[in-house]
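**Student:** The lines below spell out each chain.
Number of protein chains: 2
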Amino acid sequence: MAGKLYGIGLGPGDSELITLKALRILRAAPVVAYPAPDTGESFARQIAAPFLSDEQKEIPIIVPMRVERFPAQKIYDQAAHAISEHLKHDRDVVVLCEGDPFFYGSFMYLYERLADEFDCEIVPGVSSMMAGAAVLGRPLAARNDVLTVIPAPLPDEDIKTQIEKSDAIAIIKVGRHFERVAKLIEDMGLTDQAGYLERISLPEQKVYPLADMPAKKAPYFSLILIYKGAEDWVETLPLPNPQV
Amino acid sequence: MAGKLYGIGLGPGDSELITLKALRILRAAPVVAYPAPDTGESFARQIAAPFLSDEQKEIPIIVPMRVERFPAQKIYDQAAHAISEHLKHDRDVVVLCEGDPFFYGSFMYLYERLADEFDCEIVPGVSSMMAGAAVLGRPLAARNDVLTVIPAPLPDEDIKTQIEKSDAIAIIKVGRHFERVAKLIEDMGLTDQAGYLERISLPEQKVYPLADMPAKKAPYFSLILIYKGAEDWVETLPLPNPQV
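Top line first, the protein sequences correspond to chains A and B.
Just add 365 to the spot in the first sequence (first one is 1) and you have this note's numbering.
Just add 365 to the spot in the second sequence (first one is 1) and you have this note's numbering.
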């Protein structure tokens, strides 16, 4: 008899966007693991903080910023080992995940290492993409619209092709690619249909019509949403005044 | 002083996948509106049922199945009018939405009619796409994968082009298009990388490797997920045994 591994989605940042199911599982877990930067706080832990208790054993998984862009194999090997020791001793382990665990989440690297051996359940969460559309006040996709999620690190030509053949577009991981991607959207004549968002649902949230974004850089947790689909009235919706 | 309009996402079906925020707003609302078929129960109301009270005024928005595929303008005009009467009398109105309100949701037709005049807040919800990946035990998208959401009613050639240029694919609204879309996926040699899901997170949930789907028709709330992205190990994950 071994413990069960849970990957729970915590939503985009506001602790109130956790689901009832995630909360129940989180509160019952003796062991809680989460990704953390080498300096500063873990974002996933911050979201879950109001619901954690002192009696829970915590396993921070330190992923240094400098290895963010290539698989940190050794770090996940070690984290999977630490987690498996608890599971083998019949203790359930909850892994905290920003957004949704399987939507571009690093939880999958623990899942890859542990799902064969241990019982595992994923609890889906609210994605920042849906939360972004809510904040922007613009439907993400409607009717038979094709919605494409495009990571900003991709080459210009790929991003352009993907935008062209889509009705609704979410560009994720904008970060240091902001200026390049904004220029590309400008060249395609789509700036007026685009909204920029960062730190969605948190007190430090920022929302701009893309044309009004004052900075040339964006944080990693940022998003550009573009609508050019079947519902023409969506394009006539006023983009919100800059919220800073 | 007028009431506030809320569009709240209830998630894919399991009442436990409601967020804390949606629950708080739902419980406080004097008026609750929801889409309903002309015969049978409202799916959105079913999800919210454990949290409704007898003191709440309910407004079912009857959308007959036969008008599902073209805009039911008059129905939404009437519903918006009924809702606006409550808002004008300083009563908040919550509109219940399956999944997420702005991810292919009909809430947008009320939003279109009411957001100009009244204060409106959207509470994002867990999408069936994320919940489907969780149930399937396969990450939806990773790293710089391009994820495309493709409505099944689109023509074959469009679906094929969209699948070709994507790393991860969610085909939604499968319903009566199941056989045609399954054939198309077969012709592209992707059947072994595809999972089929219906009524996700509900007791009547069904999950199959696409190759094992026994029926030739699917319900409207069904989904096909395909992964052919950067994380090769995902393609080697066993698709779950048929859950019926």
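Rather than coming from a laboratory, the hints here were simulated on the basis of the structure.
One or more hints might be untrue.
Pairs involving identical chains hold if they fit within one copy or between any two copies, as the list cannot separate such chains.
[Claimed, not checked] 27 Å max Cα-Cα, derived BS3-like pairs, lysine-lysine:
#1 K538 x K571
#2 K538 x K593
#3 K453 x K369
#4 K538 x K548
#5 K548 x K439
#6 K530 x K548
**Student:** If a hint holds in the structure, say so; if it does not, say that too.
**Tutor:** Consistency of the hints with the structure:
Taking the shortest Cα distances, K538 and K571 sit within 27 Å of each other inside one copy (15 Å), while across copies they are farther apart (33 Å). Proximity of K538 and K593 under a CA criterion of 27 Å is satisfied in both settings, with 21 Å inside one chain copy and 20 Å between copies. Taking the closest pair of Cα atoms, K453 and K369 come within 27 Å of each other only inside a single copy of the chain (9 Å); across copies the shortest separation is 51 Å, beyond that limit. For the identical chains of this complex, K538 and K548 are intra-copy neighbours only, at 16 Å inside a copy versus 35 Å across copies, given an alpha-carbon limit of 27 Å.
In this homomeric assembly, K548 and K439 never come within 27 Å of each other (Cα to Cα): the closest approach is 38 Å inside a single copy and 42 Å across copies. With identical chains, the CA atoms of K530 and K548 are at most 27 Å apart both within one copy (19 Å) and between copies (23 Å).
In terms of the numbered hints stated before, the structure departs from hint 5 and from no other.
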